[in-house]
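Student: For reference, the chains in residue letters:
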Amino acid sequence: MTGLRMGFPSLRLLAGLAGAGLALCATSAGQAAPVTVRSCDRMVTVTQPPQRAVSYDSNLTEMMLALDLTDRMAGYIGHRDRMRASALDLFPKAAQLRQIQRGYPNRETLLGEGVDFYFAGWSYGMRAGGEVTPEKLARFGIPVYELTESCVRIGRREKPTLDFLYRDLLNLGRIFGVEARADSLVAGYRRRIDAVSRKIAGKPRLDVFLFDSPGRVAGTAGAHSMPTALIEAAGGRNMADDTPGNWTRISWERVIERDPDAIIMMDFGQGDMRRKMDFLAARPGLRELRAFRQGRILTLGYNELTPGPRNVTAVEKIAEFLHGDH
Amino acid sequence: MAIIEPAAPTRARRHRALLPGLVVTALLLGAMAGSLAVGSARIPFAEVRDILLSRIMPTGAAPYWKPGIAAIVWDLRLPRILLAALVGAGLGMVGAAMQSATRNPLADPYLLGVAAGAVLGANLAILHVGDILGPATTPLFAFAGALGATLIVLSIARLTGSTTADRLILSGVAVSFVVTACANLLILFADQRSAANVTFWTLGGFGAADWSVLPAPAVALAAGGAWFLAKRRDLNALAMGDETATTLGVRVARARLLHMTAGAFITGVMVSVSGMIGFVGLMTPHLVRMVVGGDNRLVLPASALVGALFLVLADIVSRTIIAPDDLPVGVVTGVVGGLFFVLMLRNRAGG
Chain A
1 MTGLRMGFPS
11 LRLLAGLAGA
21 GLALCATSAG
31 QAAPVTVRSC
41 DRMVTVTQPP
51 QRAVSYDSNL
61 TEMMLALDLT
71 DRMAGYIGHR
81 DRMRASALDL
91 FPKAAQLRQI
101 QRGYPNRETL
111 LGEGVDFYFA
121 GWSYGMRAGG
131 EVTPEKLARF
141 GIPVYELTES
151 CVRIGRREKP
161 TLDFLYRDLL
171 NLGRIFGVEA
181 RADSLVAGYR
191 RRIDAVSRKI
201 AGKPRLDVFL
211 FDSPGRVAGT
221 AGAHSMPTAL
231 IEAAGGRNMA
241 DDTPGNWTRI
251 SWERVIERDP
261 DAIIMMDFGQ
271 GDMRRKMDFL
281 AARPGLRELR
291 AFRQGRILTL
301 GYNELTPGPR
311 NVTAVEKIAE
321 FLHGDH
Chain B
1001 MAIIEPAAPT
1011 RARRHRALLP
1021 GLVVTALLLG
1031 AMAGSLAVGS
1041 ARIPFAEVRD
1051 ILLSRIMPTG
1061 AAPYWKPGIA
1071 AIVWDLRLPR
1081 ILLAALVGAG
1091 LGMVGAAMQS
1101 ATRNPLADPY
1111 LLGVAAGAVL
1121 GANLAILHVG
1131 DILGPATTPL
1141 FAFAGALGAT
1151 LIVLSIARLT
1161 GSTTADRLIL
1171 SGVAVSFVVT
1181 ACANLLILFA
1191 DQRSAANVTF
1201 WTLGGFGAAD
1211 WSVLPAPAVA
1221 LAAGGAWFLA
1231 KRRDLNALAM
1241 GDETATTLGV
1251 RVARARLLHM
1261 TAGAFITGVM
1271 VSVSGMIGFV
1281 GLMTPHLVRM
1291 VVGGDNRLVL
1301 PASALVGALF
1311 LVLADIVSRT
1321 IIAPDDLPVG
1331 VVTGVVGGLF
1341 FVLMLRNRAG
1351 G
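Those sequence lines, one after another, are chains A and B. Counting in my numbering, the first sequence runs from 1 upward without gaps. Counting in my numbering, the second sequence runs from 1001 upward without gaps.
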């Protein structure tokens, strides 16, 4: 929590500086040259900074908000209440954003809204073989930037680190012509992560089980998920990091055998945490887990564990949880 | 179900089929036109009409609509509606042919492992490969899967000497179980969040349609239609039973295998561009036979027409009922079609 409080003022300051940078950029926006960045395995070119961009769901939209791009957006795709509930505390401007569509968008909606840019990912507002893909939107002149963490879902296996977040923010900064803002934002994030690294230096790497969903098998985050990167940056190790993939399943036997030092629970809201605690308590084997008996359980929200600006706070929270006053 | 009753084509029957045929054709054209004005973007009908006219007969007049709106009408809705009609026609026609060839009223286009194979291919593309070959990746994989499963069924039938209709169908069922198990294995090894994408594809829909999607189903329908119509006597004979067909000079085993393979091929193309859409292929021929009798000369084209009408209407429902989101069209055909058919049965029992 201390990390969060420390983070705020500096963030505001940086945003202010970035705003000044934007004013400079805006004057030259008229003759802006086309920008090309890498997105998963292809290059995406934006001929001029988008003016009617759309982003998918809360974590991606918060990246847009962190770059203060509300005035460049036609709106967002996703659940309105969830978006407001999650985004407003850090980003009051989220209230200005309009919901374009609740579920995965269709091309008709995007064209009808005159959208000129779509920020999404695989299984974050796009599906292979679906009607909205980078190539299918390219035919209508709508460029797509893909969330780096989601590239694994179309076969690109790259071990995630916080660099995924930085890369996406810097690329968005270039696409929207707000490089200065993106640079200072990322620089601030790096400083906070460096501070965490110094704190955890020399401490033992603790085993962490990320509890995503209960069931006959454990829903968890695999090697190619953001939580793996966050836990590592915080001085832990995701016990499922030998299972490839993003959101994956492992057997409960593996969890029991490994008996992790700590558990991080992904909170989807609406009594979800209660359900998960009851599940652990009711299961022989699981209720005997060290982490469960000692209550070494940390709850983090969807936007903290999926790629987005809250990842940095999440790392600070996890580091404090794992290596704080124990 | 004594629905398959191939009667000798009589002039009276053909005459009786003329009026319903014209009505259904008019309904189909009307539904397609109306469908153009329906969608998540609200576009007045007059604007839709003007956009279409400007594309068909360019007058050089300055457009008063936004380019995005023109793209919606011409590049999204029109190909989508045409795709729904093509797939509906294909499935309806193949259903009729399959039912005749197997003399089984429960036969549908997805016999011979087509469905399971297509799902396996699609799962592989959607969950593990991504669009490596561009937007055509999933259709290509699904088609390859459908074709592969059909070939396995046929070789097993050959190996075990299963030439009777029942044994062919059972081979198809057996292979489907194995292939479906493999498809499920792919889901198990996939990212949890992607698993829903597979369901979405499997339940069927026309949302991914654009002009580039249309040639394959159009060719399949044209070629398949020509083939089945040319062989309608074979199909009529097979529907009367193997002995009768033999006395009529049909080489039963060979003809059945040939027609079922042709049907599986057409269905493979359709399923690859639209996902699994149930009911149409199974039920349309029955509805048609209630009106025009059992002669495939009428049943085949009529099933195509009614199937097209049905899927165009189903797609309108799928686009409007939870707009702006699409409801998978397979869900619509299942619910609406099933209830409608029960109603038809009741009416006929009452009349």
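Bear in mind the hints are in silico, worked out from the structure with no lab data behind them. We put the CB at the ideal spot given by N, CA and C, even for glycine. Worth double-checking, as some hints may not be accurate.
[Unchecked claim] Reference listing, derived: stretches of chain A covered by chain B, where coverage requires no fewer than 3 residues with Cβ under 8 angstroms from a Cβ of chain B:
#: 1; region: 255–261
#: 2; region: 289–300
[Said to hold, decoys possible] Residues from chain A shown here face chain B by an in silico Cβ test under 8 angstroms; the list is partial:
#: 3; residue: P92
#: 4; residue: R107
#: 5; residue: E108
#: 6; residue: T133
#: 7; residue: G155
#: 8; residue: T248
Student: The structure should be examined with respect to each hint, and the outcome stated for every one.
Tutor: Verification of the hints:
1. Only residues whose C-beta sits within less than 8 angstroms of a C-beta in chain B count toward coverage, and the region 255–261 of chain A has 0 of them, not enough to reach three; the restraint is violated.
2. With 0 residues bearing a CB less than 8 angstroms from a CB of chain B, the region 289–300 of chain A misses the requirement of three and the coverage assertion fails.
3. The criterion of a C-beta within 8 angstroms of any C-beta in chain B is not met by A:P92, whose closest approach is roughly 27 angstroms, and the hint is violated.
4. A distance limit of 8 angstroms between C-beta atoms decides the matter here; for A:R107 the minimum to chain B is near 6 angstroms, and the interface restraint holds.
5. A least Cβ separation of about 5 angstroms between A:E108 and chain B falls short of the 8 angstroms threshold, and the interface hint therefore holds.
6. Hint status for A:T133: holds, given a least beta-carbon distance of 6 angstroms to chain B, under 8 angstroms.
7. Taking 8 angstroms as the C-beta cut-off, the interface hint given for A:G155 holds, the closest approach to chain B being about 5 angstroms.
8. For A:T248, the suggested interface contact is upheld, since its CB lies about 6 angstroms from the closest CB of chain B, less than 8 angstroms.
Figure legend: structure checked against the earlier numbered hints; hints not met, in rising order: 1, 2, 3.
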